[in-house]
Amino acid sequence: MDQQLEASTLGMWVFLVTEIMFFGGMFMAYILYRILYPEAWVLGSHHLNVSLGALNTGVLICSSLTMALAVRSAQVSSRKGQIVNLVLTILLGSTFLVVKYFEYKEKFEHHLVPGPHFDMSLPQAAQQQLFFSIYFMLTGIHAAHMIVGIVLMFVILVMAMRNRFSSAYYTPVEISGLYWHFVDIVWIFLFPLLYLLGAHLGAHGG
Amino acid sequence: MSSHIVTPVRTYVVIFVSLLVLTAVTYLVATQDFGAMNTPIALAVALLKASLVVIYFMGVRYNTPLTKVVVIAGFFWLFILFGLTLNDYLTRGWLGVPGR
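So the protein lines, in turn, are chains A and B.
Position one of the first sequence corresponds to residue 122 (this note's numbering), numbered consecutively onward.
Position one of the second sequence corresponds to residue 358 (this note's numbering), numbered consecutively onward.
Worth flagging that the hints you see were computed from the coordinates, not collected in a lab.
Being a predicted model, the structure only gives us computed values, none of them experimental.
Misleading hints may appear alongside valid ones.
Once the Cα atoms are required to be at most 20 angstroms apart in a straight line, the calculated EDC-like pairs of lysine to aspartate or glutamate come out as [said to hold, decoys possible]:
| id | chain 1 | residue 1 | chain 2 | residue 2 |
| --- | --- | --- | --- | --- |
| 1 | B | K425 | A | D240 |
| 2 | A | K228 | A | D240 |
| 3 | A | K201 | A | E295 |
| 4 | B | K425 | A | E295 |
| 5 | B | K425 | A | E224 |
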């Protein structure tokens, strides 16, 4: 059983490495265009809502704690602990997505979504449009990962309710936990890189 | 059968609080002007936070050496991607191109 858990953990990490490279490509695009258009990146960053970004960072860190505690509950064969922590994780993950929805809505209202309705009266509008393309790509795919994670947590929750996990066997909880923490790590990098990069240069959002 | 090391709740809470504190640090540092150092500091804090999550929340410290190698190799390849791409783009202006 131990060997099976080890093999599954290794397999999950191999998958997560492909995810690292997947997000890595998008981070590469971010780095490259930030080097090419540093001013536009600062201007674009000022349009993002730092408070909501910080709130979401906190929400995700809380969800990582509840996830870790859910895995721990499975390790000590606590059915109640698993259910409580998994429900909390699902709720926190959903909170993140709701906050993200309001952020996206604001971007649509302020004509900051790349496309025919982008506000071209902004300084360096073309380059800022590029910033927002990369912003929506990175956060959008991150949000998609969150949705997958929440669905995964529902599956694990149902399995936990049916008493499928104990200290002898908790591989699915552990593996799904790894995925959840990985999505948290992506956001840990997205928050300073997207929201905070121009904060010291006198922020005035709009 | 269950010979696994169960991390005490206290450890998880300590890591959780550290992550929140480091998030506050990132924010405070970002509002101060350190010139060219703002981004390196932000990245260093983010790397520290990511390491805490990987080592404690994801429990890599209890994993087999093989898994640890895979984890480290993953991040290593990411830096090869960044390094070699920037090696190209950042040096393009260094040499004149004949005929231009």
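Requested in this report: Starting from A:K201, check that the Cα of A:E295 is at most 20 angstroms away, please.
Outcome: holds, 17 angstroms
Query raised in the report: B:K425 and A:E295: Cα distance at most 20 angstroms?
Result: Between B:K425 and A:E295 the Cα gap is close to 16 angstroms, so the pair holds against 20 angstroms.
Query raised in the report: Regarding the pair B:K425 and A:D240, is the alpha-carbon distance no greater than 20 angstroms?
Result: violated, 47 angstroms
Requested in this report: Below or equal to 20 angstroms on CA atoms is what counts here, so check B:K425 against A:E224.
Outcome: Status violated; Cα separation ~37 angstroms.
Requested in this report: Could you grab the alpha-carbon distance between A:K228 and A:D240 and see if it respects the 20 angstroms cut-off?
Outcome: It holds: about 11 angstroms lies between the C-alpha atoms, which stays within 20 angstroms.
When the structure is compared with the earlier hints, violations turn up for hints 1 and 5 and for no others.
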